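Residue numbers (the working numbering), protein chains in the order written: chain A, 1 to 171; chain B, 1 to 435.
Treat the hints as calculated values from the structure; they're not laboratory data. Being a predicted model, the structure only gives us computed values, none of them experimental. Any given hint could turn out to be false.
To be verified - So the derived list for chain A, only partly shown, Cβ under 10 Å to chain B, looks like this: (1) Ala47; (2) Pro52; (3) Thr53; (4) Lys62; (5) Phe67; (6) Ile68; (7) Asp69; (8) Met72; (9) Val155; (10) Glu159; (11) Thr160; (12) Arg162; (13) Ala166; (14) Leu171.
Virtual Cβ for every residue (Gly too), placed ideally from N, Cα, C.
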Amino acid sequence: MPEARLGGNDNSVPTLREEVEDFLYQEAALLDEWRLDEWLALFTVDARYVVPTTDLPEGDPKKELVFIDDDMVRLRARVERLKSRHGHREYPWSRTRRFITNVRVKRLEGANIFVTSSFLVYRFRMGDTSPYVGWYEHRLKQADRELKIYHKRTVLDMETLREHGAVSIIL
Amino acid sequence: MVELKGLIIDNPKDGIFRVHRSAMTSPEILQMEQERVFNKCWLYLCHESEVENPGDYRRRNVAGRPLFFVRGSDGKVRVFLNTCTHRGALICRRDQGNTEVLQCFYHAWTFNNQGELIGVPDEAGYGKGFNRAEMGLKSPPRVDNYRGFIFVSFNPDVEDLVTYLAGARDYIDLIVDQAEEGMRMIPGSNRYSIKANWKLLVENSLDGYHVKPTHKTYFEYVTSLGIRSSAVQTAFGRPARALGNGHAVEEHDGVRGRPIARWSPLFGEETKEEIARIRARLVEKFGEQRTRLMADVSRNLLVYPNLIIIDSIDITVRIFWPITPALMEVTAWQLAPKEEKSELLARRLDNFLTFHGPGGFATPDDVEAIESCQAGYKAEGVEWSELSRGMHREAIAEDELQLRAFWRQWYGYMLGLGQVDTRDPVVRERSSVAS
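Produce the complete structure using the sequences and hints provided.
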């Protein structure tokens, strides 16, 4: 069933930002619902997913230490691990809720769209609450009238992973 | 007052070694550890490459004390207690930077980057008993550097660092000698906490027994990249060793390859030549036998009480401090040869990220495992943790000899005995026969 578009008449064309927001909200929903294979399908085959360390947010994974630097082979392995009962930090899965705001389309380059947004990801498990706070850079690409992610960078604002112990979920 | 005697059962006759779980849960024991372990030993602070240029500084806590280290304009690295000699405010209030002077923001006392007090506003306000030369920044009682690794001690009477390192020294040499132009700490660190007693991470970092069952998903990933699973399964064949003074090492074959210097399919064809060149250089400098030790064998080294150096595809340097009996703060860095080419550095970083980092495929499960132990202790009723594996035989890698070495030294310090023989009795007997 097609989703109803609220707040506009039927003829209104969504703005680029609205389209991008819908896409980011959909990505967040897939992760909160642990629909990880569907989430993986949002990426291009040559995509990259990077999470820098908290003390070097501008870190370059080629020569500096980051938390995560996944090409699609490793990102698929990450998803497989999260689906396995041997991925102990997330077995059983934590409960998560992702809040995404301050979405800004920063730049357009041909079919490429550079988007930044703020996030708050709550993770609940084993009696602990661990909030991840930071901002995303999504580099999106229009392909076959669909948006795809070819680069996602998750920059954390916390000084350490004090409450978290690890980056065991996908941020 | 907690009764320390009897916290450890060390019974070689029946091959039994047990640790009372209050060692992991008691606030009194943590307080005593601060006095009897952390205030007595040499403690790792930093690697000298972290302050490469004159004026470079970084701050860091050691055993709960705020310190900072700075390379002075004279080129010398000094370590200071991070507190103004005036009224106590933190002097260094950024994690890192470069400066010629450090000024306390409270009353604007100013120190140069060698710790001397060079400016006091309205100094005429002080009488003749005030001697500016005595009011420079204070250092911990002892600071020493072993091949780039800088340690501090809050015990003025501690033995010299080289003596303290005992058999661990040779293993640090095996690591540092891999570099042609010296080692450097790669920018960026992993800072995370674990809701578990700090000693559980000592155990976990040296424990070969958990590797296969806990890290199944990691080995699935590695085998999917083309490493034979049979090689991985038989890789943990080397017995661990107690190195004296509580230091210990667990070694295994570097079947996944090593940038220095054993090629594997994980690294790609393009790195084959460079790795062969590095190996030839090592053979020329150190001979075949030592090269095999350096380049074919991977190791997890404990420098007592809480420095872990994991020398495998990457070189992880990991330190951790207790905050409460059930909480520790961990920091991990990556060490690499200064001259390392970008392709090999990338493979090194890849391994850190996939295994040793908190965003990797293995470390999160270690965090989960030791947090799970700590949570389990709350059940009480089971008083002892069991660490007897291999005590009755010539230990193999998956035994717990290295954990017993740590615990024997810990017990020695806690009872005020100082350094004790940390070897298993089987090993002691063999060496007495040999001599």
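Now the hints, each set against the structure:
no.: 1; hint: Ala47; verdict: violated (17 Å)
no.: 2; hint: Pro52; verdict: holds (7 Å)
no.: 3; hint: Thr53; verdict: holds (5 Å)
no.: 4; hint: Lys62; verdict: holds (6 Å)
no.: 5; hint: Phe67; verdict: holds (4 Å)
no.: 6; hint: Ile68; verdict: holds (4 Å)
no.: 7; hint: Asp69; verdict: holds (6 Å)
no.: 8; hint: Met72; verdict: violated (13 Å)
no.: 9; hint: Val155; verdict: violated (13 Å)
no.: 10; hint: Glu159; verdict: holds (7 Å)
no.: 11; hint: Thr160; verdict: holds (4 Å)
no.: 12; hint: Arg162; verdict: holds (5 Å)
no.: 13; hint: Ala166; verdict: holds (4 Å)
no.: 14; hint: Leu171; verdict: holds (9 Å)
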